[in-house]
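The numbers in the sequence shown follow my numbering, run straight up by one, and end at 588.
Just so you know, these hints were derived from the structure itself, not from any lab. Check before you lean on any hint, since a few could be wrong.
[What the hints assert, rightly or not] Pairs of lysine-lysine, DSS-like flavour, derived with a Cα cap of 30 Å:
#1 K266 - K557
#2 K345 - K297
#3 K311 - K247
#4 K334 - K517
#5 K270 - K345
#6 K393 - K257
#7 K581 - K435
#8 K540 - K334
#9 K247 - K517
#10 K334 - K257
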Amino acid sequence: MILKQDLLRNFSEKIFIKAGLLKDDAKIYADALIQANLEGIDSHGVSKLPIYFKRFVEGRVNAKPSIKIDHTAPGTIIADGDNGPGPIVSKRTIDASLDIMKEIGIVGVGVNNSNHFGAASYYCKQACNQQAICIAFTNAPANIAPWGGKEPYFGTNPIAFGFPNGSEPPIIIDMSSSIVAKAKIRIAEEKKEAIPVGWAVDQNGNQTTDPMEALKGTILPIAGPKGYALALSVEIISGLLTGAAFGNHVQGFNDNNAGIANVGHFFILIDINKFMDISVYEQLIQQMITEIKEIPKASGVDEILIPGERRASKAKLRSEKGIPVPVATINKLNELAKQEQVRFM
């Protein structure tokens with residue numbers, strides 16, 4: 244079913260307010276979800292709303308966190324998220340950090356005591372809007388085994404880059420250390436669809452196309468041992484270095500009855516104007532994009548795309564036409580609406 248973004252946004256805001264969030268925070272959280280849906284990252288969109296709501300009402304996530312931001316040195320910040328929702332903790336920390344970045348040029352921002360923050364690209368865009376380059380990292384509950392192992396230790400551990408591109412959509416690179424996000428396997432399980440070979444192994448370490456067996460087993464790293472190395476690097480910088488939980492100590496959505504998730508994030512913010520005039524940067528990046536696109540195309544290729552270009556096109560289309568939402572997700576949202584007496588459709 245195709246639904247307008249305003250309908251999904253308004254419903255999400257109301258549900259988050261029902262969960263105890265302040266109105267401004269509910270808007271931020273809803274915006275993070277809808278932006279993911281608009282860009283086609285449906286695994287990080289409104290399908291997550293019921294589980295997020297459940298975590299609030301069960302007291303697993305603090306709906307009204309008192310975020311503590313410690314400016315430890317001219318170019319370093321450590322933030323304690325007070326077990327708040329990842330999008331709120333991250334956006335508010337970046338807001339404070341951008342002001343410091345504009346003074347000194349580069350800021351490294353560590354965040355601990357947070358939760359799942361959704362799509363990493365959301366925060367890169369926040370920085371790009373301020374003429375800043377952003378690199379974002381986060382750890383996550385264990386889903387990837389170390390290369391050669393059959394039990395998960397690392398999260399899908401994404402890393403994202405955002406580069407301003409003048410009046411055009413920013414260049415966005417957002418990729419997990421795993422070959423696929425776990426949420427995509429959950430969606431396949433809901434739809435009763437097989438997953439591609441190479442996504443995951445079962446509990447015995449054997450390749451599987453059964454999403455249920457994959458969820459019991461472990462997701463494979465991207466590019467084999469290289470993805471394992473990347474997952475390890477993200478774990479160190481976003482988990483260990485920030486003072487957050489790391490490895491299989493990070494609590495999952497349904498596992499932190501006895502304690503907080505303590506997810507860690509890390510952001511690097513770079514003020515372009517401290518390196519060159521923004522107008523020069525914009526001219527150069529446009530030159531680079533033009534040169535890339537003019538490279539002779541391989542057989543069967545219609546157009547050479549820049550990272551983030553496909554997402555931007557999809558976001559434009561879905562903004563105009565609406566967001567496709569699976570029946571299974573609509574059913575869950577309807578149940579939540581009825582339960583909380585909030586109008587949905």
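Against the structure, the hints come out as follows:
1. K266 - K557: Measuring from Cα to Cα gives roughly 28 Å; hence the hint holds.
2. K345 - K297: This hinted pair is violated, its Cα atoms lying about 39 Å apart.
3. K311 - K247: Not satisfied, since the Cα-Cα distance of roughly 36 Å exceeds 30 Å.
4. K334 - K517: Status holds; Cα separation ~23 Å.
5. K270 - K345: holds, 26 Å
6. K393 - K257: violated, 42 Å
7. K581 - K435: holds, 26 Å
8. K540 - K334: The given pair, whose Cα atoms are some 39 Å apart, is violated under the 30 Å limit.
9. K247 - K517: violated, 41 Å
10. K334 - K257: holds, 20 Å
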